[in-house]
Amino acid sequence: MSPVLVTANYKLSFDALRSELQGVDTWILVLDTKGVNVWCAAGKGTFGTVELVRQVETAGLSEVVSHRKLVVPQLGAPGVAAHEVRRICGFKVVYGPAHARDIKAFLEATMHATNDMRRVTFGLGERVEVIGVELAAVLKWIVLIVAVMVLLAGGESIVDRVRTVMLTASPILVGVLAGVVLVPILLPWIPGRAFSLKGAILGAVAVGTTLALTPGGHSTAVNIQLFLSGTAAASFLAMQFTGSTTFTSPSGVEWEMRRALPFQVGAVVIASAIAVVRVFGG
Amino acid sequence: MTTVAYIRGVTTIELDSLLCNGCMMCIKVCPHPVFTPLKRMVEIREPDLCIECGACALNCPEDALSVNPGVGCAAAILKGWVTRSKPDCSC
Numbered sequence: 001m002s003p004v005l006v007t008a009n010y011k012l013s014f015d016a017l018r019s020e021l022q023g024v025d026t027w028i029l030v031l032d033t034k035g036v037n038v039w040c041a042a043g044k045g046t047f048g049t050v051e052l053v054r055q056v057e058t059a060g061l062s063e064v065v066s067h068r069k070l071v072v073p074q075l076g077a078p079g080v081a082a083h084e085v086r087r088i089c090g091f092k093v094v095y096g097p098a099h100a101r102d103i104k105a106f107l108e109a110t111m112h113a114t115n116d117m118r119r120v121t122f123g124l125g126e127r128v129e130v131i132g133v134e135l136a137a138v139l140k141w142i143v144l145i146v147a148v149m150v151l152l153a154g155g156e157s158i159v160d161r162v163r164t165v166m167l168t169a170s171p172i173l174v175g176v177l178a179g180v181v182l183v184p185i186l187l188p189w190i191p192g193r194a195f196s197l198k199g200a201i202l203g204a205v206a207v208g209t210t211l212a213l214t215p216g217g218h219s220t221a222v223n224i225q226l227f228l229s230g231t232a233a234a235s236f237l238a239m240q241f242t243g244s245t246t247f248t249s250p251s252g253v254e255w256e257m258r259r260a261l262p263f264q265v266g267a268v269v270i271a272s273a274i275a276v277v278r279v280f281g282g
Numbered sequence: 283m284t285t286v287a288y289i290r291g292v293t294t295i296e297l298d299s300l301l302c303n304g305c306m307m308c309i310k311v312c313p314h315p316v317f318t319p320l321k322r323m324v325e326i327r328e329p330d331l332c333i334e335c336g337a338c339a340l341n342c343p344e345d346a347l348s349v350n351p352g353v354g355c356a357a358a359i360l361k362g363w364v365t366r367s368k369p370d371c372s373c
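Note that the protein sequences, when read in sequence, are chains R and A. The first sequence begins at 1 in our numbering and counts up by one. The second sequence begins at 283 in our numbering and counts up by one.
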């Protein structure tokens with residue numbers, strides 16, 4: 001009577017499940033989600049009723065086990081209709097815990113998941129873990145933009161050019177880091193519910209501080225230009241973090257995007273206008 | 283921070299109590315404390331905690347729940363606007 005556990009062919013999911021199952025006698029039925037994790041694949045429907053039923057039939061599961069039960073990870077539920085699976089192939093879907101780490105306790109408790117096993121949290125550790133993904137995505141843009149700026153900058157030597165660029169670019173880079181690194185870390189403690197607002201608040205503080213501490217300082221026009229672009233970058237990038245969280249609804253993200261994007265774009269437009277006037281007007 | 287509410291009053295989750303048979307499947311599949319069990323039925327207690335993943339509606343054998351499911355991801359929604367298609371994350 002070994003239970004059948006269902007998972008996706010995302011390597012990390014499969015390995016996490018397998019390593020939790022040492023010394024436990026089970027079958028694992030792997031759905032083809034094209035290497036995508038269970039929760040995301042369920043949202044797309046690739047981890048879903050049709051694929052589950054197909055794999056049950058392909059594996060000849062009704063010949064392999066005598067019982068008629070499938071343990072599906074709870075986060076697969078957005079793609080799987082339990083009552084449909086039963087109607088089509090006769091197997092009863094039992095939703096297991098949200099995390100593989102609880103699978104042993106779940107099986108020992110005769111397939112009962114406690115409330116804690118059903119919940120998805122988003123603590124400091126989990127937030128820090130996902131920062132790297134976003135950071136890697138913006139880092140290549142930063143390197144590219146700074147490189148172009150160094151090429152275009154005036155100055156006698158490369159050292160001069162880099163120094164000029166860093167004086168101008170550093171407040172914006174601070175804004176980028178505020179949005180990508182600081183907002184995720186400090187998320188629950190920053191005022192506001194909208195991520196774009198949290199990003200704007202933290203960005204304004206971080207960019208403002210950087211400008212105030214800049215040796216020699218900039219002209220007022222340049223200060224305004226850098227403050228607006230740095231804060232807009234922080235706000236926009238903080239908003240992107242909604243995709244990494246476990247508690248943002250699409251309706252909520254759309255709500256804040258419709259309100260925040262005009263401000264973010266507006267700030268960049270004003271900053272660019274100042275830059276154009278400075279270069280060509282004065 | 284186990285139960286953090288996001289933007290208030292915008293989620294699309296709805297329950298038709300007349301159709302609910304009290305099977306509690308929605309409570310089993312929901313990753314947040316959105317539902318509360320009542321006698322032989324459930325109640326949406328915290329609609330602001332709903333992430334609109336669609337698991338409850340899909341697993342409700344009586345079609346008592348409705349929600350406009352999707353991904354709560356700015357990049358996916360932006361991409362959807364630009365390409366005029368359904369938001370789809372590339373994760």
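These aren't lab readings, by the way, just hints derived from the structure by calculation. Hints are not guaranteed to be accurate.
[Said to hold, decoys possible] Here's a subset of chain R near chain A, in silico, CB distances under 8 Å, partners left out:
(1) 3
(2) 74
(3) 82
(4) 119
(5) 129
(6) 132
(7) 141
(8) 247
(9) 253
Quantities reported herein were computed from a predicted structural model and do not represent experimental measurements. Yeah, the Cβ is synthetic: ideal placement off N, Cα and C, and Gly gets one too.
Hint by hint, here is what the structure shows:
1. For residue 3(R), the interface hint is violated, since its Cβ never comes within 8 Å of a Cβ in chain A; the closest pair sits about 17 Å apart.
2. Interface restraint check for residue 74(R): the shortest CB-CB distance to chain A comes to about 6 Å, inside 8 Å, so the restraint holds.
3. With a cut of 8 Å, the hint placing residue 82(R) at the interface with chain A holds, because the nearest CB-to-CB distance is about 5 Å.
4. Checking residue 119(R) against chain A by beta carbon gives a least distance of about 6 Å; that is within 8 Å, so the hint holds.
5. Evaluation of the residue 129(R) hint against chain A yields a violated restraint, the C-beta minimum of about 14 Å exceeding 8 Å.
6. A least Cβ separation of about 14 Å between residue 132(R) and chain A goes past the 8 Å threshold, and the interface hint is therefore violated.
7. Hint status for residue 141(R) relative to chain A: violated, with the closest Cβ pair at about 14 Å, above 8 Å.
8. Annotation: residue 247(R) was flagged as interfacial toward chain A, and the flag holds, the nearest CB pair being 5 Å apart, inside 8 Å.
9. Using the Cβ-Cβ criterion of 8 Å, the hint placing residue 253(R) at the interface with chain A is satisfied: the shortest such distance is roughly 5 Å.
Hints 1, 5, 6 and 7, counting from the list given before, are not met by this structure.
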